[in-house]
Each structure stands twice: as structure tokens, then as C-alpha cells.
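Student: Going line by line, the protein sequences match chains E and C. Our numbering puts the first residue of the first sequence at 1, with every later residue one more than the last. Our numbering puts the first residue of the second sequence at 1, with every later residue one more than the last.
No wet-lab data here; the hints were simulated from the structure. Hints may contain errors.
[To be verified] FRET-style restraints, in silico, Cβ to Cβ: (1) Leu153/E to Ile30/C: 25 to 31 Å; (2) Gln133/E to Ile30/C: 23 to 29 Å; (3) Gly104/E to Ser233/C: 21 to 27 Å; (4) Thr72/C to Pro146/E: 58 to 64 Å; (5) Thr117/E to Thr80/C: 32 to 38 Å; (6) Ala26/C to Phe140/E: 55 to 61 Å; (7) Ala157/E to Ala359/C: 28 to 34 Å; (8) Thr368/C to Ser102/E: 49 to 55 Å; (9) Leu106/E to Ala65/C: 39 to 45 Å; (10) Val27/E to Arg49/C: 53 to 59 Å.
[Stated by the list, open to error] Derived list of chain E stretches under chain C, where covered just means 3 residues or more per stretch with a C-beta under 8 Å from a C-beta of chain C: (11) 33-40; (12) 65-72.
None of the values given here were measured: they were computed from a predicted structure. The beta-carbon is built from N, C-alpha and C at its ideal position, and this holds for glycine as well.
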Amino acid sequence: MEDGVTATQVVFWILAVVMLVSAIGVVTAGNIVYAALFFIAALAGVAGIYLILTVEFLALVQLLIYGSAVVILILFALMLTRARERPQALFGRTRPLGIAASLGLLAALIGGIVATTWTTPATSSAIQSVGLQTIGDAIFTIWIVPFIIVGVLLSIALDGAIMLASPDEDEI
Amino acid sequence: MVLSEFAGISMPNWIDALLRVIFIVALMTINAFALIYLERKILARLQARVGPTRTGPMGMLQSIADALKLVTKEDVRPITADRWAFELAPYMAFVPVFLVFIPMPFTETWFVRDLNLGLLFVFGVLGLNIVGVVMAAWGSDNKYALLGGVRAAAQAISYEIPMLLIIVAVVMVAASRLAVDGDASMAGSINAIVGDQTTTPYILLQPLGFVIFLVGTLAELHRPPFDMPIAESEVVGGYFVEYSGMRWGIFFLAEYTALFLLVLLASSLFLGGWNWPFGADVGLGLQIVLTMVKTSVMIVLVIGSRALFPRLRIDQLMAFSWKILLPFAIVQVLANGIILAYGGPDWVVGLVSFALLAALGGLVYYLTSQKKGAGARTVQTRPATPRVITAPEVTPVEAGGD
Numbered sequence: 001m002e003d004g005v006t007a008t009q010v011v012f013w014i015l016a017v018v019m020l021v022s023a024i025g026v027v028t029a030g031n032i033v034y035a036a037l038f039f040i041a042a043l044a045g046v047a048g049i050y051l052i053l054t055v056e057f058l059a060l061v062q063l064l065i066y067g068s069a070v071v072i073l074i075l076f077a078l079m080l081t082r083a084r085e086r087p088q089a090l091f092g093r094t095r096p097l098g099i100a101a102s103l104g105l106l107a108a109l110i111g112g113i114v115a116t117t118w119t120t121p122a123t124s125s126a127i128q129s130v131g132l133q134t135i136g137d138a139i140f141t142i143w144i145v146p147f148i149i150v151g152v153l154l155s156i157a158l159d160g161a162i163m164l165a166s167p168d169e170d171e172i
Numbered sequence: 001m002v003l004s005e006f007a008g009i010s011m012p013n014w015i016d017a018l019l020r021v022i023f024i025v026a027l028m029t030i031n032a033f034a035l036i037y038l039e040r041k042i043l044a045r046l047q048a049r050v051g052p053t054r055t056g057p058m059g060m061l062q063s064i065a066d067a068l069k070l071v072t073k074e075d076v077r078p079i080t081a082d083r084w085a086f087e088l089a090p091y092m093a094f095v096p097v098f099l100v101f102i103p104m105p106f107t108e109t110w111f112v113r114d115l116n117l118g119l120l121f122v123f124g125v126l127g128l129n130i131v132g133v134v135m136a137a138w139g140s141d142n143k144y145a146l147l148g149g150v151r152a153a154a155q156a157i158s159y160e161i162p163m164l165l166i167i168v169a170v171v172m173v174a175a176s177r178l179a180v181d182g183d184a185s186m187a188g189s190i191n192a193i194v195g196d197q198t199t200t201p202y203i204l205l206q207p208l209g210f211v212i213f214l215v216g217t218l219a220e221l222h223r224p225p226f227d228m229p230i231a232e233s234e235v236v237g238g239y240f241v242e243y244s245g246m247r248w249g250i251f252f253l254a255e256y257t258a259l260f261l262l263v264l265l266a267s268s269l270f271l272g273g274w275n276w277p278f279g280a281d282v283g284l285g286l287q288i289v290l291t292m293v294k295t296s297v298m299i300v301l302v303i304g305s306r307a308l309f310p311r312l313r314i315d316q317l318m319a320f321s322w323k324i325l326l327p328f329a330i331v332q333v334l335a336n337g338i339i340l341a342y343g344g345p346d347w348v349v350g351l352v353s354f355a356l357l358a359a360l361g362g363l364v365y366y367l368t369s370q371k372k373g374a375g376a377r378t379v380q381t382r383p384a385t386p387r388v389i390t391a392p393e394v395t396p397v398e399a400g401g402d
């Protein structure tokens with residue numbers, strides 16, 4: 001902030017406010033569809049932060065995956081709950097458990113942030129842009145084993161979903 | 001804001017950015033007017049009618065009259081509709097489509113921005129407009145709207161996957177070709193892909209890709225034969241059934257703009273975009289004409305399909321994507337990978353893709369020509385009572401309810 005407010009900082013603060021407001025909206029909106037829509041806004045804010053950090057690829061993947069995935073989430077919310085009849089259906093007997101889990105996650109994240117030694121770049125403009133090719137090389141050479149494991153895990157989840165959703169008879 | 005940040009336009013250039021935005025908005029409007037007129041005329045011809053004739057010469061001002069009617073019409077909101085979701089949905093559906101104009105190349109040097117990740121940008125941003133559709137469907141508090149919106153979401157997400165895989169296949173071909181005489185890392189840029197097609201349009205290298213992309217385009221746009229989300233005879237117009245006036249107009253504008261954009265993308269990726277066929281170099285003036293001619297041919301195809309094909313059932317549509325298009329797209333990606341990794345020449349790539357296309361055509365013909373519709377039987381799901389796996393008090397009747 002010493003050397004004046006740059007456009008990037010303005011954009012960052014706008015995005016930060018949007019993300020914070022939407023994140024609070026996600027947990028406070030009684031209506032599950034509103035919560036999902038706030039969730040989309042929060043994730044779009046994260047995509048904007050990625051753009052500021054000049055990792056366009058991550059920003060686009062964020063939109064592509066979470067945009068579609070959250071729509072699926074809304075659909076499940078519509079199908080599996082009576083969102084319009086019981087707006088407060090989000091809060092049930094498991095509420096203390098949820099509070100404990102979220103507080104634990106918060107503590108873990110804050111611990112992680114505090115424990116990390118943050119390096120300040122020498123000049124603010126010297127942020128290294130990570131190319132798409134670099135990401136691709138890293139995923140498909142260095143991290144190929146975790147990549148495959150994640151792929152297998154997702155396939156198992158998909159198969160399980162199909163198993164659960166298919167009719168009882170072995171006719172598909 | 002995001003636009004300027006992404007495209008790297010610095011603040012003093014805000015006039016430049018504003019001009020580009022104004023240009024795109026004007027283009028969108030004129031495009032929608034022209035396409036609505038064309039659609040009515042082409043459909044009329046195919047159905048032995050004449051279409052609009054009264055307003056203006058040959059009825060050409062019909063779209064303007066329609067727009068005036070829409071603007072002056074009362075904007076009605078059902079009293080039980082969810083206010084925020086209902087009123088914001090048209091814009092949520094419109095803005096992503098608008099943003100997709102950014103990486104589109106009209107000539108070698110005419111585009112808003114040549115993005116290195118242009119192809120991913122198109123699909124990443126265009127996919128968001130389904131959020132607007134679902135908002136409209138849910139916010140309307142109308143069973144037909146909800147059914148249409150759920151269909152639209154299922155359809156869009158299913159057909160996005162084969163389309164994205166085909167894009168991967170195209171980028172693989174483009175990257176290997178650009179590596180010879182260009183920069184392979186630019187293969188995600190639409191303009192670079194078009195620039196590589198001076199002598200060989202990619203429809204010769206990836207004919208299967210072209211067909212799958214075209215089918216996916218029809219599905220993404222809710223065009224017949226894939227118009228279940230907006231089918232009048234089934235869901236009374238689908239997710240925008242409760243909209244009237246200008247909000248309905250915005251949905252329509254988004255739809256026709258998406259039609260133009262996806263078709264422009266297809267003609268850029270597969271038909272060579274602004275290139276003169278087979279490499280005769282021409283000046284800038286003709287490039288825009290070539291782009292538009294190729295796009296127009298495809299638009300006529302898409303519009304004509306509305307009069308030529310009957311509507312499918314929703315389960316047939318989903319099964320066609322997941323059980324036929326997706327495996328073929330995966331095989332295409334694998335085949336490209338194997339051929340290109342061993343340095344196979346271009347004609348092998350094209351031949352394999354042609355063979356796959358022939359196999360796809362043969363399979364579809366076989367499935368649809370069986371007695372009693374074997375194609376339908378393989379995809380038919382029993383109207384069984386769904387097994388409810390959540391809270392026990394939710395019965396299927398309530399789960400699908402209002």
C-alpha cells in the first residue's frame with residue numbers, strides 16, 4: 001500500500017469482498033438453492049483471484065468444473081430436499097457435529113497459514129506466470145501416479161453412484 | 001473488470017475496451033435479428049410456406065417489429081416466483097455467451113483478444129450459462145419450467161464431455177502440426193488453429209470430430225432434434241415459460257448469439273475459418289467474407305435440421321451422448337495420441353478418423369434400423385420407481401414435486 005493503490009489491488013479488494021459476502025451467504029442462507037448460487041459466486045471470485053495471479057488455466061478450470069458441478073449440486077438439492085416447503089431443512093440434529101467439523105477445519109487452515117513461511121517476491125511485478133505447458137508437464141510426468149490414483153478414485157465414485165442409482169433389477 | 005484483467009487491457013485503454021464492447025453488442029443484436037428472420041424464412045421454405053412477407057421488403061423488418069413488441073410488452077412476474085432467481089436468471093444466461101466473443105477470430109487480425117487458452121475459455125465460460133437456465137427453471141415456480149431446466153442441465157453437461165474430448169483431439173493435431181512450422185504451445189488459441197489450416201482444413205483430418213462437434217452444438221443450443229428442454233408439446237416452452245417481454249427477449253438473444261458463436265467456432269476449427277480454400281492467399285477484405293460464408297453454411301444446416309428431424313426422447317438423447325458419442329470421442333483421442341506419438345503423417349490421422357466416422361455411422365444405422373427399434377431398446381430405461389436413498393420421509397412423489 002505504500003506505493004499507491006494499483007488497479008490490481010482495487011480488483012483484489014472487490015473480489016475479496018464479493019467472495020467474503022458470498023461465503024457468508026452460503027452458510028447463512030436458509031434456502032438451499034440460494035446457498036448454492038452464493039457458492040457459485042464465491043467460486044467465481046476464486047477464479048478472479050487466479051486471474052490476478054496470472055494462472056488463467058486454473059481460473060478457467062475453476063469455472064468449467066465448479067460451474068457445471070455446482071449446477072449438479074443445485075439439481076440434487078432440488079431433487080432430494082423439499083427446498084421450497086421447508087426453507088430451514090439445512091439445520092438438523094447434526095448441527096453440533098457440523099459446527100465442530102467446521103471449527104476444526106478453520107483451526108487447521110489457520111494453523112497452516114501461520115506455520116507457512118511466506119516469501120515476499122523481490123518486486124511486486126515479478127510474479128512468475130506459470131504456463132499451461134508447465135502444468136501439463138508436471139501433471140503427466142512428475143505427478144502422474146497421484147493423477148492416476150485420483151482418476152481411479154473418481155471412477156470408483158462414479159461406479160458407486162451408478163450402482164446406487166440404477167434400478168434393483170439387473171436391467172440397465 | 002474480469003474482462004480487462006484477463007485480456008490485459010491496461011486502464012488508460014478503457015476507451016478501446018468500451019469500443020470493443022459496443023461493437024460486440026451491436027453485432028449480437030444484428031445477428032439475432034438476421035438469424036430470426038433467416039430461421040423463419042428457411043423453415044417456411046422447407047414446409048412449403050412463404051414465411052414473413054408483410055413487414056418491409058420480403059418481410060425483412062419482421063425481427064424489428066418483433067423486438068418492438070417485446071420491448072413494449074409488460075414484464076410479468078408470477079406472484080409465487082422466487083424474485084431474485086427469476087429476475088437475475090436472464091442476465092446470468094446472457095453474460096457468459098457475451099464473454100465468449102472475446103477469443104473468436106473473424107479474420108487473421110480481427111478479434112477482441114487472441115487468447116492462448118481461447119478454446120478452454122469458450123467452454124469454461126459458455127458452460128456457466130446453464131446456471132442462468134437452472135435459476136430461471138427453479139425461480140419460476142412452475143413444474144414445466146423445472147422439468148425443462150433439469151433437462152437442459154442434464155443435456156448440456158452430457159454433451160459438453162464428448163465436445164471437450166473432441167477439442168482435445170483437435171488440439172493434439174494442431175499442436176503436432178504447429179510444432180513443425182510454428183509454436184506448439186499456441187495450439188490452444190483459436191486463431192493459431194485457424195492459421196494452421198491454410199492448405200488442409202481440419203474437417204479432412206478430423207471428420208469424426210466435426211460430426212461430434214456438430215451434434216454437440218445442436219444439443220448445447222437446444223436445437224431440434226435435441227430440443228427436449230424447450231419442447232412446446234412436452235414442457236410448454238421449458239425453462240422460460242413464465243417469462244415475457246424483454247426478459248424473454250434476453251433469453252432469445254443469448255440463444256441466437258450462442259448459435260452464432262458455436263457455429264463460428266465449428267467453422268474456425270474444422271472448415272478453416274478465414275482461410276481461402278486450399279491456400280490461395282488473399283487480403284483482409286475477403287477474409288471476413290470467407291468466415292461469414294462458412295459460418296452461414298453451417299447456420300443453414302443447423303436451422304434446416306429443425307425442419308428435417310423429429311425430436312428424440314430424453315433418454316435416447318442421454319444414451320446417445322454417454323454410450324455412443326463419448327466412447328467414440330475417447331477412441332479418437334487415443335488414436336490421435338498413438339499416431340502422433342509415433343510421428344504418423346497427416347493422411348493417417350485423417351484416414352483413421354474417417355474410419356471411426358464410418359463405424360459411428362454404421363453403428364447408428366444398425367441400431368436405428370432394427371425391427372422394434374433395437375436402438376431404442378438398448379437405451380430404454382424402465383419407468384421404474386426410483387429407489388430413494390436419502391431421508392426416509394422423502395417419497396418419490398414429493399421429491400419430484402413443487
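Student: Now tell me, hint by hint, if it's right for this structure.
Tutor: Each hint, compared with the structure:
Separation of Leu153/E from Ile30/C is about 49 Å and departs from the stated range, judged on CB atoms against 25 to 31 Å. A beta carbon spacing of about 39 Å between Gln133/E and Ile30/C contradicts the range 23 to 29 Å that was offered as a hint. Taken as a hint, the range 21 to 27 Å is violated for the pair Gly104/E and Ser233/C, whose Cβ atoms sit roughly 53 Å apart. Distance hint check for Thr72/C and Pro146/E: the Cβ-Cβ separation is about 59 Å, which falls inside the suggested range of 58 to 64 Å.
The supplied range of 32 to 38 Å is broken by Thr117/E and Thr80/C, whose beta-carbon atoms lie about 56 Å from each other. Roughly 44 Å separates the CB atoms of Ala26/C and Phe140/E, a value that falls outside the hinted 55 to 61 Å. The hint said 28 to 34 Å for the Cβ distance between Ala157/E and Ala359/C, and at roughly 31 Å that hint holds. Under the hint 49 to 55 Å, the C-beta atoms of Thr368/C and Ser102/E, about 53 Å apart, fit the expected range.
Range check, Leu106/E to Ala65/C: about 59 Å between beta-carbon atoms, so the 39 to 45 Å window is missed. Taking the beta carbon of each, Val27/E and Arg49/C are about 56 Å apart, inside 53 to 59 Å as hinted. Only residues whose beta carbon comes within less than 8 Å of a beta carbon in chain C count, and the stretch 33-40 of chain E has 4; three or more means the coverage holds. Residues of the stretch 65-72 of chain E lying with their CB closer than 8 Å to a CB of chain C number 5, which satisfies the three-residue condition for coverage.
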